[in-house]
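Top to bottom, those sequences are chains A and B. The first sequence runs 71 to 345 under this note's numbering. The second sequence runs 71 to 345 under this note's numbering.
The hints are all genuine.
Note that the list lumps identical chains together, so a pair holds whenever it fits in one copy or between two copies.
Here are the simulated lysine-lysine pairs, DSSO-like style, with alpha carbons at most 30 Å apart:
1. K117 with K134
2. K106 with K270
3. K106 with K195
4. K93 with K270
5. K93 with K117
6. K289 with K195
7. K106 with K93
8. K117 with K106
9. K117 with K270
10. K93 with K72
11. K72 with K195
12. K72 with K131
13. K134 with K93
14. K131 with K106
Please keep in mind that the hints were generated in silico from the structure rather than gathered at the bench.
Number of protein chains: 2
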Amino acid sequence: MKIQRTVFFVSDRTGITAELLGKTLLTQFPDAEFRKRTMPFVDTVEKAEAAVAEINRTAIKEGKPPIVFSTLINDDVRTAVASVNALFLDIFADFIGRLESELGLTSSHALGLSHGMGDELAYQKRMDAVNYTLSHDDGVNTVNYDRAEVILTGVSRTGKTPTCLYLAMQYGIHAANYPLTPDDFPEQSLPKPLRPHRAKLFGLTIQAERLARIRNERKPGSRYASLENCRSEIHAAENLMLQAQLPLLDTTTMSVEEIAISVLHTTGLVQRVKS
Amino acid sequence: MKIQRTVFFVSDRTGITAELLGKTLLTQFPDAEFRKRTMPFVDTVEKAEAAVAEINRTAIKEGKPPIVFSTLINDDVRTAVASVNALFLDIFADFIGRLESELGLTSSHALGLSHGMGDELAYQKRMDAVNYTLSHDDGVNTVNYDRAEVILTGVSRTGKTPTCLYLAMQYGIHAANYPLTPDDFPEQSLPKPLRPHRAKLFGLTIQAERLARIRNERKPGSRYASLENCRSEIHAAENLMLQAQLPLLDTTTMSVEEIAISVLHTTGLVQRVKS
Numbered sequence: 071m072k073i074q075r076t077v078f079f080v081s082d083r084t085g086i087t088a089e090l091l092g093k094t095l096l097t098q099f100p101d102a103e104f105r106k107r108t109m110p111f112v113d114t115v116e117k118a119e120a121a122v123a124e125i126n127r128t129a130i131k132e133g134k135p136p137i138v139f140s141t142l143i144n145d146d147v148r149t150a151v152a153s154v155n156a157l158f159l160d161i162f163a164d165f166i167g168r169l170e171s172e173l174g175l176t177s178s179h180a181l182g183l184s185h186g187m188g189d190e191l192a193y194q195k196r197m198d199a200v201n202y203t204l205s206h207d208d209g210v211n212t213v214n215y216d217r218a219e220v221i222l223t224g225v226s227r228t229g230k231t232p233t234c235l236y237l238a239m240q241y242g243i244h245a246a247n248y249p250l251t252p253d254d255f256p257e258q259s260l261p262k263p264l265r266p267h268r269a270k271l272f273g274l275t276i277q278a279e280r281l282a283r284i285r286n287e288r289k290p291g292s293r294y295a296s297l298e299n300c301r302s303e304i305h306a307a308e309n310l311m312l313q314a315q316l317p318l319l320d321t322t323t324m325s326v327e328e329i330a331i332s333v334l335h336t337t338g339l340v341q342r343v344k345s
Numbered sequence: 071m072k073i074q075r076t077v078f079f080v081s082d083r084t085g086i087t088a089e090l091l092g093k094t095l096l097t098q099f100p101d102a103e104f105r106k107r108t109m110p111f112v113d114t115v116e117k118a119e120a121a122v123a124e125i126n127r128t129a130i131k132e133g134k135p136p137i138v139f140s141t142l143i144n145d146d147v148r149t150a151v152a153s154v155n156a157l158f159l160d161i162f163a164d165f166i167g168r169l170e171s172e173l174g175l176t177s178s179h180a181l182g183l184s185h186g187m188g189d190e191l192a193y194q195k196r197m198d199a200v201n202y203t204l205s206h207d208d209g210v211n212t213v214n215y216d217r218a219e220v221i222l223t224g225v226s227r228t229g230k231t232p233t234c235l236y237l238a239m240q241y242g243i244h245a246a247n248y249p250l251t252p253d254d255f256p257e258q259s260l261p262k263p264l265r266p267h268r269a270k271l272f273g274l275t276i277q278a279e280r281l282a283r284i285r286n287e288r289k290p291g292s293r294y295a296s297l298e299n300c301r302s303e304i305h306a307a308e309n310l311m312l313q314a315q316l317p318l319l320d321t322t323t324m325s326v327e328e329i330a331i332s333v334l335h336t337t338g339l340v341q342r343v344k345s
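Just chain A, with the same shape it has in the complex:
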């Protein structure tokens, strides 16, 4: 039988950081099974004590200490949670201490600077970018391409739309996308709306077998989804994009996050989002 443990992510804000790091670490133990539970918004000593009581009940019920990942800024709250009967992995404390001594500064112990609204201007920029991306999805609207920072192109179902949304939501990038369809191929040059914006274009491609599988999920048995059609669309689109000297990324085995990061780094847009 597999080793089983209950894992708690305890945070004074959303718990997103604790979950992300914790889950990444847990994937390194494929031979164990983890029941996961997030406790967000634990921002007072009272809430911390309630969380501890519940985790301790789990410890007794299961006869094994749970695992606790915490991201807690307030010292009193952290001290309260640290008393828990569990493997207590406090993600902040150790690093904060080392940063304090390296920088010769005391940390501010201020809450919610990462997933709160934080800098309202930066947040508004992200929301503007999401709106822009939604209204420039799938080539429906090409008039405001001047405002785009990147325009993804490629055949249907290569990951353009979710990648644009991810770039907008996480990085505040104005990302548009324009599908290449069989109508575009006879001309052997970029579709007209794209031509003035060659420097912003970024091509996505994919292996035919995977594309056929994805398309078959949406339109089973269609010509659109057939391997033969996928092959021919991909071939024509790649030719067109290579001829126009676009950067070209094969997304076959990549997640949206990986595509987005590759786009950021290949285009140099990453300079825009770091400050």
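Following the hints, put chain B in place on chain A, whose structure we already have.
Here is chain B on its own, set in the frame of chain A:
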């Protein structure tokens, strides 16, 4: 003058985890200025050595050791990076060691399980949810509400659309949204398309001053954006949602991430996304 340091996020995959944790920690030092640089896809010893050389050049140029946050799974790559002339904060190593001894297991040292495609089925589910959310945005399509897991409602510009996209992208939740507009208020009951789905509804509201500010960004000086109109829409919408006994969340000071986490936890949908 503020203390200045260059910060590197070094990862064998996207660097998202290193950036997220690192930036959260850095926000705790508002009196310092950080130049940030991400080095993703550092997955061989050769790439690690190139990264180290560049970081060491920065150290010499600036006369101060940079700060390095790393998430590196492979031991050889990590050892190569650890030799760097910098404050080396390795996010994984310490926690992996403590988990190994608590669980009595050796970690797998496998790459890319968190932001790669990982479990292809789970990934496909997220992409399906994004497609569902896009086609059920803003009440444009109400026929497939049976497949919705949550339907956000509220007046225009309370954060419904980005929250739905976030829930879909990050958690694979089928999230629809339906705006409440002045046309809906005279009836004093939920709009017809929503009535069969009361159990899935979740109301968002906002303070009038902030709503007016957001709407003025989009349509400056319009009646739609006027404080008076915002007040009256919010008042009518809140009455309607309270009467229908919907959960109601004030998003005035909340980010999309915080709204999404609150929706997950209030509705119990969080049980669906943990496994």
